[in-house]
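> Reading the sequence shown from the start, the letters are residues 1 to 262 in full-length UniProt numbering.
Source of the hints: derived by calculation from the structure; they are not laboratory data. Just so you know, these numbers come straight off a predicted model, no measurement behind them. For every residue, glycine included, the Cβ atom is placed at its ideal position computed from N, Cα and C. Take these hints with a grain of salt, some might be off.
[Claimed, not checked] Cβ-Cβ distance ranges computed for the label pairs, FRET-style:
id, residue 1, residue 2, range
1, G49, L261, 18 to 26 Å
2, S110, S209, 28 to 36 Å
3, E73, D233, 31 to 39 Å
4, P246, D144, 12 to 20 Å
[Unchecked claim] Restricting the straight-line Cα-Cα distance to at most 20 Å, the calculated cross-link-like pairs of lysine to aspartate or glutamate (EDC-like) are:
id, residue 1, residue 2
5, K4, D237
6, K4, D256
7, K4, D239
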Amino acid sequence: MMLKTLVVEPPSGRRRPLFIDDAQYSTAVIRQGAPIPWTDTAALTAHFGQVRGLLDPDAQWIDIRRVFEAHCEARPELIEAMGARSRCGYPLRTVLGDPRILTAVLESLSTVAATSARPLVLHVPSPACWLAWAHQLAGSPLDDVDADRADSASMYIAEWLGQLGALPLALVLFDARQARFSSPEHLESYTALANVAAHFDWSLALWQSDGITGQPGSPSVGVIAPEFWTSGDTVPDTDVLVTTIPDTGTPETVLDQLATLR
1 MMLKTLVVEP PSGRRRPLFI DDAQYSTAVI RQGAPIPWTD TAALTAHFGQ VRGLLDPDAQ
61 WIDIRRVFEA HCEARPELIE AMGARSRCGY PLRTVLGDPR ILTAVLESLS TVAATSARPL
121 VLHVPSPACW LAWAHQLAGS PLDDVDADRA DSASMYIAEW LGQLGALPLA LVLFDARQAR
181 FSSPEHLESY TALANVAAHF DWSLALWQSD GITGQPGSPS VGVIAPEFWT SGDTVPDTDV
241 LVTTIPDTGT PETVLDQLAT LR
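Kindly generate the complete structure, drawing on both the sequences and the hints.
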């Protein structure tokens, strides 16, 4: 489902689509501290059914870094394979090329989308951050990720995303907020990602410390600060709203604040 379609008619009935990074809050409130079952399709589907019932987001938020971490934790042999060679990019290419993870992701996410009657937001590390994460996990951390390395990583990521064409993606949101590299990232420089997005009619955006930047002509995306859910804060005047509900939010306050966004 295109982001522009959601803006015209948010499935929740809100005035504007609201995308919620619920991992912290749902772990604390719904799961009572137990981890989200990213590797178990049935349990994950039930979890997101509860998220839909409690928060009614306009798209289900899928944290791809957490998905990959859960699969790697369950399969130490995959981490070993990621570290088999020392050249830059090998760990990322290895984990993205793993057929078992791809099959599991397609099965679980298509089921979540179908049963919750909501499209998906893929929250993924930016190319530079995903490259650094893979090397760190493989035991060969990088001192820096320059523009060339990030561009190479974007090609591996584009190839992986190209296999997710059957999923109803409202937005692919690359997160660069934790980047501490010499070369700042720019969405327009990642041609391979733009090409795969154009092929499937997806929307891309890059989340940095100063906000979220989308592609030219795309709906504007604003960030509601986590403080909104605990003590109140301003709401940006944008086409789409993105927010993270912290685990410190109390259910009563969160529900009251949700009601103000109707």
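> Taking the hints in turn, state whether each one holds.
Hints and how they fare:
no. : hint                      : in the structure
1   : G49 <-> L261: 18 to 26 Å  : holds, 21 Å
2   : S110 <-> S209: 28 to 36 Å : holds, 33 Å
3   : E73 <-> D233: 31 to 39 Å  : holds, 35 Å
4   : P246 <-> D144: 12 to 20 Å : violated, 31 Å
5   : K4 <-> D237               : holds, 16 Å
6   : K4 <-> D256               : violated, 28 Å
7   : K4 <-> D239               : holds, 9 Å
Checked against the numbered hints listed earlier, the structure breaks hints 4 and 6; every other hint is satisfied.
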